[in-house]
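Enquirer: If you want the building blocks of each chain, they are given just below.
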Amino acid sequence: MRTISYTTRFLVLASLTVLLACNKTVTSVNANLAPLNPANEDLNAGTWKLILLSRPDTFAVATPAATNTTAYAADLNQIKGFQHNLTGDQRGEIQYWSAGGVLRWNEIMRGLVAKYNLPPYQLPNGTYPIPSSTNPFAYPNFPFSNPPYAARAYAYVSSAQYDALVACWHYKTLYNRPAPYVVDSTVQALAGKTSLPSYPSEGAVLAGVTAEMMQLLFPDEIANIQQKLQQQEFSLIASGAAAPSDVTAGEALGRQVADAFIARGRADKAGSAVGTPTIWANFVTTTEAAGQTAWVSLETPARPPMLPLFGSVKGFLVDSANIVALRPGPPPSTSSDSMQQQVQQALNTVKNATREQLSLVQYWADGVGTWTPPGHWNYIAAQDFVTQNWSEVRWARNFALLNMAEMDAAIECWYTKYYYFNPRPTQMDPLIRTLTGVPNFPSYISGHSMFSSAAATILGHIIPSRAQAYLTMAQDAANSRIYAGIHYNIDCEVGMTVGQNIGNYAVQRAMSDGAE
Amino acid sequence: MKTALSNRRMLAVVTLTLVSWGVRAQTDDDAIMMAKYNLCVGGMYSHSAWNYYWEGTYHRNNQNLGTVTTQMVGLMGIYGITPRLAIVAEAPYVWTDASAGVLHGMHGIQDLSGWLKWEVYRQKIGSRGKLKLFGAVGGSVPLTNYLADYLPLSIGLHSRTVSGRIIADYQLGHFFATATGTYTWRSNITIDEQSYYTTQFIESDKVYMPNEETYIVRAGYRSNRLEIEANLSGMVTLGGFDIRKNDMPFPSNRMDATMAGAHAKYEFQSGRLKGLSLTADGSYTVAGRNVGQSTMFGAGIFYIFDFNHKGKTLETPTLKSN
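Top to bottom, those sequences are chains F and H. Going by the working numbering, the first residue of the first sequence is number 1, and it counts up by one from there. Going by the working numbering, the first residue of the second sequence is number 1, and it counts up by one from there.
Hint data in this document are derived by calculation from the structure and do not stem from the laboratory. Source: prediction; values computed, not measured. Even glycine gets a Cβ: it sits at the ideal position worked out from N, Cα and C. Among these hints, one or two may not hold up.
[Stated by the list, open to error] Where chain F lies over chain H, by a calculated footprint (3+ residues, C-beta under 8 angstroms): (1) 101-111; (2) 138-149; (3) 185-196; (4) 199-207; (5) 243-251.
[Unchecked claim] Now the in silico label distances, taken between C-beta atoms and shown as ranges: (6) F/Ala281 / H/Asn61: 26 to 36 angstroms; (7) F/Ala263 / H/Trp95: 36 to 46 angstroms; (8) H/Ile166 / F/Gly81: 53 to 63 angstroms; (9) F/Leu431 / H/Leu131: 34 to 44 angstroms; (10) H/Leu278 / F/Gln383: 56 to 66 angstroms; (11) F/Val296 / H/Arg225: 15 to 25 angstroms; (12) H/Ser187 / F/Val296: 35 to 45 angstroms; (13) H/Leu278 / F/Ala281: 54 to 64 angstroms; (14) F/Gln475 / H/Trp95: 30 to 40 angstroms; (15) F/Gly92 / H/His107: 38 to 48 angstroms; (16) H/Asn61 / F/Gln468: 47 to 57 angstroms; (17) F/Phe137 / H/Ile166: 22 to 32 angstroms; (18) H/Asn61 / F/Leu431: 20 to 30 angstroms.
Make a model of the complete structure from these sequences and hints.
Expert: Below, the structure written as structure tokens:
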């Protein structure tokens with residue numbers, strides 16, 4: 001007995017030691033990607049159709065120093081100096097950024113959206129404070145990056161990145177200055193080689209344009225983003241891909257392009273989308289005057305509806321007349337048998353949810369504290385984009401198409417939701433207990449369905465071999481909201497159709513922007 | 001030297017987290033061993049509820065949850081391999097509910113846990129005192145594919161665990177004091193989502209789970225027939241992060257708690273009910289972080305089967321003071 005117990009003790013200690021030594025560290029799936037290696041440099045991208053700028057040379061970029069000048073020799077010496085003294089961390093940063101600036105900044109944006117996607121906590125008097133962009137560091141922090149806010153943020157960053165890179169490509173081909181590792185064979189290419197001219201640096205353009213956009217979108221994060229910018233720019237230079245003068249010119253160009261988008265953003269009506277108590281009350285009056293049950297918040301204390309005037313925001317692909325024209329017909333009257341059937345169906349579905357359905361509910365929940373549905377579709381897109389070997393400018397173009405579609409889907413969806421102000425299933429029947437949080441805005445039509453259908457439409461155009469897979473995912477996303485008990489069938493059916501209509505605007509643009 | 005089971009303790013962990021833990025095996029953390037070839041089988045019920053919780057260090061309620069209730073029915077078995085070595089296994093069924101708000105409760109079979117406990121050392125101290133040291137190793141595995149990331153209404157965290165435990169017990173006449181310390185290694189878990197935010201954004205369905213330490217100290221009266229004790233127990237996760245203001249809880253949150261409780265057991269010594277024992281437990285969470293401030297009560301019923309050869313021994317399922 002004693003012997004056994006000593007042996008056992010030894011075995012236990014040994015196995016515990018092994019277990020404790022196990023590395024449980026979890027890293028993001030894209031932490032260790034190979035350097036971006038474009039199959040096509042898209043040298044004509046300086047002629048692609050711009051989104052906001054009128055010309056690729058709206059912002060001037062000065063002629064660079066020739067590669068045989070002393071100024072450029074100093075640039076090369078700086079690179080060599082960096083390469084001589086690289087630390088392990090710096091090599092890690094080079095490897096990280098070499099996967100592509102558009103991808104990395106998109107990931108950073110998804111993270112910011114998740115970080116800021118928290119509804120404010122109530123005040124002692126039962127009302128809710130509203131985040132303010134003029135006082136972003138005070139609670140509640142600005143922004144509350146809910147789905148419409150996030151859709152717009154992704155769209156602004158992606159479209160600004162696209163216009164900035166089109167301008168960048170214009171100057172690259174205009175000045176045609178080769179990369180440092182081409183000029184001087186003693187400069188190592190630590191992030192892969194391309195034949196793309198390096199002035200101005202596309203990576204620095206991305207750093208500049210994205211960092212500048214934070215003034216509008218995530219003002220608390222300017223300092224953190226500035227650090228990322230410095231990391232990326234150091235990596236560009238230290239990898240031998242860009243001379244310091246390539247980087248300086250690139251960042252400056254990026255920031256100027258961003259300023260044009262910021263000016264647009266300050267005037268696109270998103271700033272007033274929160275509404276006022278009078279406006280909130282008017283939705284109820286109007287809906288009840290039409291003989292319909294008006295939506296009420298299912299939170300306690302009741303929370304004002306999320307961004308009720310977001311439907312008036314200025315879209316990128318569709319204008320306000322389009323928004324009205326694309327609005328679907330009404331849902332069944334709240335007092336009709338048809339609506340009662342929808343409610344009954346919702347109750348039966350949520351009561352009998354299978355584990356597979358629960359998985360879909362969770363997988364697509366994309367609620368509080370997450371990247372939101374548009375962010376999820378950015379992730380889905382990115383996981384396929386990394387296999388395509390695109391140039392940075394094509395990456396930016398495809399994300400811009402996706403995110404303009406997502407933002408315009410949000411506008412159309414919010415316009416429809418507040419036009420009909422239709423109650424959620426649980427409001428119609430409190431027996432419907434939901435499998436995810438009930439979003440604090442009207443039911444008809446489903447945001448998940450619209451975001452997903454619009455995304456699947458444009459992504460299926462960009463990567464046709466994946467079109468069917470995207471449609472299946474979109475249908476899963478839509479169905480997940482029915483399984484969760486937070487939407488009627490009809491919300492999702494109609495949402496899928498309207499989402500596709502919005503997505504088709506992005507497809508139309510894709511076919512005429514000069515990139516295909 | 002041969003003893004019956006005792007201390008069917010609704011271990012504090014049941015009650016304390018935002019996750020609705022199942023009960024852990026009971027005799028794995030006390031100072032009582034089974035008689036050789038004796039099998040004890042029992043059932044337990046516990047009810048735990050809270051309407052205040054700690055969001056990080058902020059003590060709050062939530063009108064969109066109301067009172068969160070976790071109920072548990074557990075089956076357990078304890079078998080004495082030798083007088084100084086026992087094996088314990090347990091599996092609970094758990095169901096959860098929130099009295100307010102819209103969220104749907106969950107229910108299902110949670111984790112199978114098992115322990116091997118052995119008495120390592122004993123020493124008489126004076127004429128009436130006795131010191132015993134025990135060691136135990138245990139582990140748990142989820143029995144079903146329940147949702148972990150559905151706090152506070154998920155039925156568990158879906159982590160696999162391996163634990164090491166030390167128990168010291170001192171008895172003086174009918175009075176005793178016991179201290180138990182446990183280190184639990186918890187495996188990472190896989191969730192249905194593809195990304196989440198802790199103190200940083202992670203794009204993965206894998207979640208790092210911090211390990212955990214728990215302790216229990218208890219003192220009271222112990223005789224063959226009756227056992228009554230007061231206890232204080234606690235847990236800390238070795239890492240994890242705070243729930244942010246108005247955010248949802250997450251399986252890898254830091255979860256710390258301190259509970260004060262009491263336990264009683266009555267064991268029938270003769271007649272037709274011999275071999276039967278009844279237990280009652282209660283506890284209250286006095287301090288915590290990212291856990292519910294729960295009040296728990298529970299009850300259990302156990303019966304001992306003796307597989308010794310008939311007539312060979314009169315070892316009965318009683319607690320002897322040796």
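Enquirer: If a hint holds in the structure, say so; if it doesn't, say that too.
Expert: Outcome of the hint check:
Under the rule that three or more residues need a Cβ within less than 8 angstroms of chain F, the assignment of the region 101-111 of chain H holds, with 5 such residues. A count of 3 residues in the region 138-149 of chain H with a Cβ less than 8 angstroms from any Cβ of chain F is obtained; the coverage claim is therefore met, three being the minimum. By the rule of at least three residues with a Cβ nearer than 8 angstroms to a Cβ of chain F, the coverage given for the region 185-196 of chain H holds, with 9 such residues. Only residues whose beta carbon comes within less than 8 angstroms of a beta carbon in chain F count, and the region 199-207 of chain H has 7; three or more means the coverage holds.
Coverage of the region 243-251 of chain H by chain F holds in this model, with 5 residues showing a Cβ closer than 8 angstroms to a Cβ of that chain against a need of three. In this structure the supplied range 26 to 36 angstroms holds for F/Ala281 paired with H/Asn61, their Cβ-Cβ distance being about 29 angstroms. Here the CB-CB span from F/Ala263 to H/Trp95 is close to 56 angstroms, at odds with the stated 36 to 46 angstroms. For H/Ile166 and F/Gly81, the Cβ-Cβ distance of about 57 angstroms falls inside the hinted range of 53 to 63 angstroms, so the restraint holds.
The beta-carbon spacing between F/Leu431 and H/Leu131, approximately 58 angstroms, falls outside the hinted interval of 34 to 44 angstroms. Between H/Leu278 and F/Gln383 the CB atoms are about 57 angstroms apart, so this pair conforms to the stated range of 56 to 66 angstroms. In this structure the supplied range 15 to 25 angstroms is violated for F/Val296 paired with H/Arg225, their Cβ-Cβ distance being about 60 angstroms. Evaluation of the 35 to 45 angstroms hint for H/Ser187 and F/Val296 yields a pass: the beta carbon distance comes to about 44 angstroms.
Separation of H/Leu278 from F/Ala281 is about 60 angstroms and conforms to the stated range, judged on CB atoms against 54 to 64 angstroms. The hinted range of 30 to 40 angstroms is satisfied by F/Gln475 and H/Trp95, whose Cβ atoms lie roughly 32 angstroms apart. For F/Gly92 paired with H/His107, a C-beta distance near 46 angstroms keeps the hint of 38 to 48 angstroms intact. Checked against the hint of 47 to 57 angstroms, the C-beta distance between H/Asn61 and F/Gln468 comes to roughly 48 angstroms, which is consistent with it.
For the pair F/Phe137 and H/Ile166, the supplied restraint of 22 to 32 angstroms is violated, since their beta-carbon distance comes to about 48 angstroms. A C-beta distance of roughly 24 angstroms is found between H/Asn61 and F/Leu431, which places it inside the suggested range of 20 to 30 angstroms.
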